[in-house]
Amino acid sequence: MNVELIDIHKHFGSVRANSGIDLKILPGTIHGILGENGAGKSTLMKVLAGFIPKTRGTILLDGSEVGYSSPEGALRHGIGMLYQDPLDFPPLSVLENFMAGQVRGATMGTEVHRARLLELCTGLGFKLDPDVPAGRLTVGERQQLELARLLSSGARVLILDEPTTGISGLQKEVLFSALKSIARGGRSIVLVSHKLEDIEALCDEITVLREGIVTGTMERPFSTQALLSMMFGSEPSPAIRSGHEPGAQALYLDNVSAPGGRAGLAECTVHVSRGEVIGLAGLEGSGQEVFLRIAAGLIRPHRGRVHVGRRDMTGRGYHAFQSLGVAFQPASRLEEGLIRGLTVTEHCALGEGGGQFMVQWDTAEQDARDKIRKFQVAGTPDSPVESLSGGNQQRLLLAFLPEEPELLLLENPTRGLDLESVHWVWDHLDAHASRGAAIVFSSSELDEILMVADRVLVFFDGHIIKDERPEDTDALALGRAIAGKM
Amino acid sequence: MQGVDITILLAGIVAGAAPILLATLGETITEKAGIINLSLDGTIILSAMAAFAAAVTTGSLLAGFAAGAAVGASIAAAVALFSLRLGLSQVAVGFVLTLMTKDLAYFLGTSYARMEGPLAGPMPVPVLSKIPFLGPVLFSHSLPVTFSMVMILASWWYLYRTPSGLKIRCVGENPDGAYARGIDPDRVQLFYAVAGGLLVGVAGAAFSLCVKPGWGQPQGCEGSGWIALALVIFGGWHPVKAAVGAYLFSFLQVMSIYLQAWWPDVPAQVFQVAPFPLMIFILVLISVAQRETVMRAARNHPALRAIIQTLSGKAPAALGRQKKGTG
Chain A
1 MNVELIDIHK
11 HFGSVRANSG
21 IDLKILPGTI
31 HGILGENGAG
41 KSTLMKVLAG
51 FIPKTRGTIL
61 LDGSEVGYSS
71 PEGALRHGIG
81 MLYQDPLDFP
91 PLSVLENFMA
101 GQVRGATMGT
111 EVHRARLLEL
121 CTGLGFKLDP
131 DVPAGRLTVG
141 ERQQLELARL
151 LSSGARVLIL
161 DEPTTGISGL
171 QKEVLFSALK
181 SIARGGRSIV
191 LVSHKLEDIE
201 ALCDEITVLR
211 EGIVTGTMER
221 PFSTQALLSM
231 MFGSEPSPAI
241 RSGHEPGAQA
251 LYLDNVSAPG
261 GRAGLAECTV
271 HVSRGEVIGL
281 AGLEGSGQEV
291 FLRIAAGLIR
301 PHRGRVHVGR
311 RDMTGRGYHA
321 FQSLGVAFQP
331 ASRLEEGLIR
341 GLTVTEHCAL
351 GEGGGQFMVQ
361 WDTAEQDARD
371 KIRKFQVAGT
381 PDSPVESLSG
391 GNQQRLLLAF
401 LPEEPELLLL
411 ENPTRGLDLE
421 SVHWVWDHLD
431 AHASRGAAIV
441 FSSSELDEIL
451 MVADRVLVFF
461 DGHIIKDERP
471 EDTDALALGR
481 AIAGKM
Chain B
1001 MQGVDITILL
1011 AGIVAGAAPI
1021 LLATLGETIT
1031 EKAGIINLSL
1041 DGTIILSAMA
1051 AFAAAVTTGS
1061 LLAGFAAGAA
1071 VGASIAAAVA
1081 LFSLRLGLSQ
1091 VAVGFVLTLM
1101 TKDLAYFLGT
1111 SYARMEGPLA
1121 GPMPVPVLSK
1131 IPFLGPVLFS
1141 HSLPVTFSMV
1151 MILASWWYLY
1161 RTPSGLKIRC
1171 VGENPDGAYA
1181 RGIDPDRVQL
1191 FYAVAGGLLV
1201 GVAGAAFSLC
1211 VKPGWGQPQG
1221 CEGSGWIALA
1231 LVIFGGWHPV
1241 KAAVGAYLFS
1251 FLQVMSIYLQ
1261 AWWPDVPAQV
1271 FQVAPFPLMI
1281 FILVLISVAQ
1291 RETVMRAARN
1301 HPALRAIIQT
1311 LSGKAPAALG
1321 RQKKGTG
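Residue numbers (the numbering used here), protein chains in the order written: chain A, 1 to 486; chain B, 1001 to 1327.
In short, the hints are calculated from the structure, not lab data.
You may find that some hints are simply not true.
[Claimed, not checked] Here are the simulated lysine to aspartate or glutamate pairs, DMTMM-like style, with alpha carbons at most 20 Å apart:
{"#": "1", "chain 1": "A", "residue 1": "K180", "chain 2": "A", "residue 2": "E211"}
{"#": "2", "chain 1": "A", "residue 1": "K374", "chain 2": "A", "residue 2": "E336"}
{"#": "3", "chain 1": "A", "residue 1": "K195", "chain 2": "A", "residue 2": "E219"}
{"#": "4", "chain 1": "B", "residue 1": "K1314", "chain 2": "A", "residue 2": "D131"}
{"#": "5", "chain 1": "A", "residue 1": "K180", "chain 2": "A", "residue 2": "D161"}
{"#": "6", "chain 1": "B", "residue 1": "K1314", "chain 2": "A", "residue 2": "E335"}
Given the structure is predicted, the values throughout are model-derived calculations rather than measurements.
Sequences are here, hints too, so could you generate the full structure?
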C-alpha cells in the first residue's frame, strides 16, 4: 500500500509538534523516521495510526484520501502501530493479549487464535508461550506479541515507535530479521527511532525530522555525516572515557545474595574503587536492578555483607547509606525518581528538608531557578514534573543528586535520551568521577557502556558472569555474554 | 458441637450470604472494568427500601426486585458518568452518594417502616433438591439465593470465557490499550458499572424481601456494602474467590449466633461485631502470606505455595483512574 502524508500539522495548545510534514511510504519497504527526542516523530506516527487527531493535513492511501479518527479506523485501512509504551495488558495471558480486539461476538475461538498465534510466531522466528501472563515477558517479547497481533489484524503498514529501546542485542536481531521478512512479503514498515545505527542498518529510505519539520530524506547508501547534520543541525561531539585512576574502596559486596526482580542476585562479590565508572550490562531483570538497590540500601541481602567505603553497612537502611554519600537514581523517573503532580520548586523545597516549620518558598524557587539554568532544563520552576519531556526529567533528576556524592548508583541513566542529551549527561557525571566519586550504572546500550565505563560487569540470570575492562572486550563478546553464551 | 445440625448450619450460611454475595459479584464486575463504585453501602440500603416499597405497593415480588435493581443501576450510572463525562473522582462521588442514598432511604421509607410485606419463600429446584445433604444445603432455597449461586459461575464464565469478558478485563487494565484495539473504553466502563450496579440493587432487594425481610431503621443490612467492597479485594478481583470470601463472612455471622447460645454470659454485641474484625484479620493473614520471606519459606511446600498463590490477586491497573484525554 502506498501511504502519503501531505502537509500534516499537529498542535497541542501553543506547542507545534508537527508543522507541515510531507512523507511518502512505498509498499514493501522499510522507512526510517529519524530525529532526536521531541522532534515530532511519535506525534506524526500517532496521527497516522489514528490514535490522536491531526490539526490539519491529508492522508492518502493508494492515492485516495482517508479520514479515520481512531486506531480501529486506521487498522481497518491496514495501518497498525506498535507504541513506544507497550499498550498491552500485563496480567492477561499472551494469548488473551493476542485476542483482545480481535474477538467479537459470542464465542472466543480460543483454539483458532492459539493456532494462529503460534503459526505467526513460527513464521517470524518468535518464541512465545501463549499461556504465561504478558507481564512476565521482556520488553522485546511484548513487542513480538504486538507485531503478531497487528499482522493477524490485517495490518499492511506497520509503524514501530522506538522498538529498540530496552531490548537486548539478540532480540534486536530477531526483530530486524522479522521486519525484513515482513517487508519482503509486500507490507511496509515505518521504523521510528533516534538511534542512527538501527535506522541505518535496517531501512531502505530515511526521513529526518527536527522540531516538527522534515529536514531531509535519503535513500541507500546513507551518509552518516549528512544524517547527523540533518538531525542536529550540527554534529555533536562524542564523549570520551576519562580513565580516572581508581582510588580507595568505595563499595564492596561480599558474597551477597538477595531476592527480587526476575532472577534475584546470587553470590555476588564485587569491589568498586573511588573514581571508577562501572557499567552493568545484561538483559533487563538479570540482577542489575537488585545489585544497585542492595548497594543503595534499598534491598537487604539475605546472605553476604555490604561495605560502603570501609564501613560494614549490612542491614542498614537507605538513609544510613545516604549519609555516607550514596545516591541512587531509579530508571522509572516518574514512578520512583520524581513525584508526579509536584512542580520543580516543590521538589526543591522537599529536598531542602531543613528543620523549619514553614516552607521557604523564596529559597526553593531560587534553588529551582538555579538548577534549571545549570542543568539546562526546558521548563519553569512552576512546571509540574510530568509536563517535562523525558530528557528534561532526567536532567532534573541529575540536578537533585547530592553536590558531592561518594557513590552514584544510576539505573539506565540515559534511557530514551537522544545522543546529544546522553553526552550532556555523561559530561556531567564525569565531573563527579574526576572528583573521586564511584559511579555504577546499568544500561541496555552496550555502546554507551563501552564508551564511558572503566569496567563492565555482565549479569546473567542473577549472576555476574563477566567482569572486564572495555579495552579487553567488544560489543560482540559482551552481547554473547548477555545472552548467556560464554 | 452439640445441638448443631450441620445441614441447617450450611444451608443458613448459603442463604445468609446471598445478598452480600450478589453485591460482591456486582462490584467485582464493575471494578474489573476499572470503575470503583464506593457507594455500595448506601446503594444497598436505598434499593432495599425501594424494593420493599414497590413490592408492598404492587403486591408483586418481581416489581420489588426490579425496583431494587433499577436503583442500583442508576446510582452506579451516576458514579460512572460523573467520572467519564465530567472527570470527577470516583472515590469522592462514591462517598457522597453513600451518605446521601442512606439518608434518602430512611427519609423516603418512613411510611413503610415495620409494615407487613411480601416475602420470597423457598422455591426448591426440582430433582436436585431431592439429593441427600446437597439438596437441602444448596437447592432448597428461595429464588434470590439460588440466583446468587448461579451468578458465581455465570460471572466467572462471562469474565473469563467470553469476548465481552476479555473486553472488560482489557479496559480495566489499560484503557489506552483497549482504545488502540478498537474498544471504546468509556462505553465498556459505563455499561459494566451499570451491570454491576444492577446486581448490587438486587442484593438490596434480597435483603428486604428475603434474607432480612421488612423495612425499618435500622433495616439490618447496614454495613454490608462495606463488607462487599472488602470482599472484592479479599477475592483478588476474581468472582469465585470473592464468593468464597462471602461465604466465609456468612459463616462467621452464623457462628456468632451459635456461640451466643453457648456462652450466654458474653455480651451479645461481641458476637454481632466479631465477624468484622475477624474478616480484617483474615485479610491481614493473606497479605502477610504474600510477603517475599513467607514465599521463600514456602518454597519446599508446594501445597502451601499453591494456596498462597491462589489467594493472591492484583487490582485492575486502571481501577478508579481519572480519565485523561488521548490528545
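Hint by hint, here is what the structure shows:
no.	hint	result
1	A:K180 <-> A:E211	30 Å, violated
2	A:K374 <-> A:E336	23 Å, violated
3	A:K195 <-> A:E219	17 Å, holds
4	B:K1314 <-> A:D131	18 Å, holds
5	A:K180 <-> A:D161	16 Å, holds
6	B:K1314 <-> A:E335	18 Å, holds
Taken one by one, the earlier hints fail for this structure at numbers 1, 2, listed in ascending order.
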